[in-house]
Amino acid sequence: MEIISNLIGSKISLKSEDVFYHNLYLLHQYQVKNNREIKASFKNRSTVSGGGRKPYKQKGTGSARRGTNRTPLRRGGAVVFGPQPRLIKRSLNKKFFANVYKDLFLNFQSKIFKLILSDTDTLSFLREKKYNLQNSLFIFSNLNSLETFPFKNLQDFKFNSVNKIFVMDFLTADNIYFIDDSFEICQKRYLI
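Counting from -14, one number per residue, gives the positions in the sequence shown under the working numbering.
Hints in this document: simulated from the structure, not taken from any laboratory. Remember, it's a predicted structure, so these values are computed and weren't measured experimentally. There could be a bad hint or two in this list.
Stated by the list, open to error - Mimicking BS3-like on lysine-lysine, the simulated pairs with C-alpha atoms at most 27 Å apart in a straight line are: (1) 87 with 173; (2) 42 with 96; (3) 87 with 74.
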């Protein structure tokens, strides 16, 4: 087991603080609200049941002409502009992702560590008291259920994949540990 600090060196971010935090906000909104499914549904004229026959003849009754009982104007009828189930998709371009993560790594480089572990070391490392691991984020190169299964009952740990690093996890963590080759993958992907 080996812990390496000062991974990025003396590089600094040149963006102003306002721009940096606004970009973080946009990325957070993208991560939280993307692929959100809205399930509210009203029946429109094609989906409402009934209303197949004409309720009364066209002429001679003195009432307004009606073609169906399920018109939106009548009780028990359809809804005209009601909500329909839909999936909310937001998009951000790849350069934006790269720039935000690059700035994120540069601004919080003091709490970023690289952790080189063998399979047998992982659990013993997390249970050791000499390391301050409370409220830590662990980033794996390929996050599958077998890697995180032993850690499910441990409190105060969050696990992310290199493919999907959540901004709020990154900001709220006291220490960020890149496991094995995950930091090199981030360096290639975000040009750090």
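**OP:** Please name the hints from earlier in the document that this structure breaks, with their numbers sorted from lowest to highest.
**Re:** 2
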